[in-house]
Amino acid sequence: MKKLAEHGIRPLDSAEKKNGKKWNLMEKLFLGLSLEQYVSQVIRNKFNWVLGAILAIGIPFIIYRFIFGLGSVTHSSYDYPWGLFLGFGLFCMVPLSASGFMLGTTVEIFGRHDFEPIERLALLNGLLGYLFAVVYLLVDLGQPWRLAYPMVYSFGPAAVLFLVGWHVATYLSVQVAEVSTAFFEWIGWPAGKAFIRKGTIGLTVAGIILSTLHQGALGALFVYAPGKVHPLWYSAPFQWIHFFVSSIPGGLCMVIAVSTIVIKTMSWRCDERFKENLGDLTLKLAKGASMGLITYLVIKLIAVAHDNEWVYLASGWGLWWLIEMIGGVVAPLVIFAYGIRHKLVGLVRIGAFMTIAGVVLNRLNTALITFNWKLYQEIPHISEIIISITIFAIYIATYRFILNRLPILYAWKAQPAEAPVKAEVPVAAGRESEQEMPAGA
Amino acid sequence: MLSPAKKALAAGNLAGFPDGMGVLVDLTRCVGCRSCEAACNREQGLPAPDQPFDDYSVFEQSFHGGTQKRRPTEKAYTVVNRYESEASDKPIYRKIQCNHCNEPACLTSCFVGAYTKTPEGAVTYNSKVCVGCRNCMVACPFHVPAYSYSDPIDPVIKKCIFCYDSRVKHGMPPACVEICPSQALIFGKRDELLKIARQRMTKDPAKYVDHIYGEHEVGGTSWLYLSGVPFEEVGFDTSLQQEPIISNVKDFLGTVPMVLAIWPALFTGFHLLATKGKGDHHDHGQAEEEGEDS
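Quick note, the sequences are listed as chains G and D, same order. Here the working numbering is used: the first residue of the first sequence is 1, the next is one more, and so on. Here the working numbering is used: the first residue of the second sequence is 1, the next is one more, and so on.
None of these hints come from the bench; they were simulated from the model. Incorrect hints may have been included.
Covered stretches of chain D (in silico footprint by chain G; criterion: 3 or more residues with CB under 8 Å from a CB of chain G, positions within the stretch not fixed) [to be verified]:
1) 112-118
2) 149-162
3) 223-231
Lysine to aspartate or glutamate pairs mimicking EDC-like chemistry, simulated, CA-CA at most 16 Å apart [unchecked claim]:
4) Lys189(D) / Asp154(D)
5) Lys374(G) / Glu103(D)
6) Lys69(D) / Glu233(D)
7) Lys374(G) / Asp237(D)
8) Lys374(G) / Glu233(D)
9) Lys284(G) / Glu36(G)
10) Lys90(D) / Glu233(D)
11) Lys250(D) / Glu103(D)
12) Lys413(G) / Asp271(G)
13) Lys75(D) / Asp151(D)
14) Lys343(G) / Glu276(G)
15) Lys69(D) / Glu276(G)
Every value quoted in this text rests on a predicted model; they were computed, and no experiment measured them. For each residue, glycine too, the CB sits at the ideal point set by N, CA and C.
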């Protein structure tokens, strides 16, 4: 895309062409490029080759799993029922997708409109994270075609997983609605967007409720296994709060991380508003993450004190716990404090990646590494790792596909930005598609 | 009108069904003949074992670097293991199967309600609704439920069901108890079995350690064990809590309706406070640009 930009070709970012005609769907899908230009830029991008290679290797493994069963590709056993698909796919993807409800709350509930340039990225990050957590789940379930059973056929309402199932399903719908405003702009259906915008507050509050409960519920799932999860990672009264609170810095830092990757690798797609505000917003997000992290640190220590588990800190497991807490919580806190104080965006970004690593390590520790600490350790099967990476590659590919097209990183315009043509467009025609915009009316 | 109640609601503890049945396993009597394994295999129509039931070399087997002995699987709902203990000059044999908890963790963790605790004491399982999430395996404190991982079409949970359909429902003892040649297993009402266990311990205190495993563990189980050596030496987890597993989760489950009820008003209130006098919210960038245009 960089090469095309040198020739003065700009990606599609408006409803109409310079001559006042509307872009059709195919043109929109090809970013306003000709087929030839589009294909050549796809091929030029080395990252597409990497993704292609991963999919070429990994997809046969996924097919193999469905033909020969879970036993053929995982080390899941009677003692270790859950492996990487849930340990990473569900328990790590969901907290890192808390960004949607965090930024939704900030902008829509608290009225912090200065976060608007990054709100849609956070919403999309949330939606895709949940969607792919469900994809991981579908690969892991013994009988994925029965996924809807707890909703429609056979109910176990007193189970924590029942709550997780219902909430993730409901929250996915809420997030589809929240992100759909960008889709409606892109597809050119203002009535749909207006309809969703009317319910923004309701959707956002629903998002907060559902997120509070199911982020916590993922932690509560492990409360069923008191003797199995190591006591330092287990707390009957506080586990759900630990998972919920750590998802807050997890989600916020994921927005910092994704926006960093985006600005480094696809800045052509970001508009000026996004680029100008990103540094400032990164620092602001890091402030929020810091508050989440310090709270998390305190409640983790309270849990150790509550169950009087200090003695475990002197063991090997205790050292591992300290590595997780110092590397994933304390160190990012120090980095954020210094970075925010001195407005060092680059440093804050490093802190964000460390926070993400800390959250991921915590979930892997709870679900896999310290699970069955009294029995024996299990290492995931190689195919399990390949399938997990493949699904993650599909996640990244989907993420890029949407970011390239929908107005997430840029604001959708009715007409192309170049002024000269604009004058020729009749004002009424331009206005028609934007009735819903309050400031324009 | 405000007279004393004739019948007040009891506190919310479930100590099992009053007439629930159980099995008392006396490890001092078990001779390790494995006939219970064979009977279970026949009764439940399980596939033929890798090694015949009269092959006692299976007692030598160990797994995962020698840390683990045999355990119930999808093909064997019960197994007998052999242990050596300093407290005994003979080897000790221990039968493992589902303990049929009074308040089963598997049942409370299942999001499709596949499990049932029957009034007779059995914990049964409806494989027709199993989604295969394997949460029950995570929840079971005894590591009992197995899963048919190798089946791509209809993988389900497999575990001992106390021979419920074919025997216990009709008042008959399960197959393993019936075949036991040394009376190491006896079938009866759980309350009666506890009395028998105490009698044995009182009569011969030197023979038994002073504990009935399963009386209180995780809220009590239908299967009860007596042992002549400390329980942890014969593979029992003696660190289990006395309360049912579900008690640990109740804190969280109790907050769910509170969050559902309180959050809407709380956050709508925040919204009203935060946006007071600021006018309505803007839109994704477009609005401002429009404002500049016009």
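Quick rundown of the hints versus the structure:
{"no.": "1", "hint": "112-118", "result": "holds (count 3)"}
{"no.": "2", "hint": "149-162", "result": "holds (count 7)"}
{"no.": "3", "hint": "223-231", "result": "violated (count 0)"}
{"no.": "4", "hint": "Lys189(D) / Asp154(D)", "result": "violated (36 Å)"}
{"no.": "5", "hint": "Lys374(G) / Glu103(D)", "result": "violated (24 Å)"}
{"no.": "6", "hint": "Lys69(D) / Glu233(D)", "result": "holds (13 Å)"}
{"no.": "7", "hint": "Lys374(G) / Asp237(D)", "result": "holds (10 Å)"}
{"no.": "8", "hint": "Lys374(G) / Glu233(D)", "result": "holds (15 Å)"}
{"no.": "9", "hint": "Lys284(G) / Glu36(G)", "result": "violated (42 Å)"}
{"no.": "10", "hint": "Lys90(D) / Glu233(D)", "result": "holds (14 Å)"}
{"no.": "11", "hint": "Lys250(D) / Glu103(D)", "result": "holds (13 Å)"}
{"no.": "12", "hint": "Lys413(G) / Asp271(G)", "result": "holds (11 Å)"}
{"no.": "13", "hint": "Lys75(D) / Asp151(D)", "result": "holds (13 Å)"}
{"no.": "14", "hint": "Lys343(G) / Glu276(G)", "result": "holds (15 Å)"}
{"no.": "15", "hint": "Lys69(D) / Glu276(G)", "result": "violated (63 Å)"}
Checked against the numbered hints above, the structure violates hints 3, 4, 5, 9 and 15; every other hint is satisfied.
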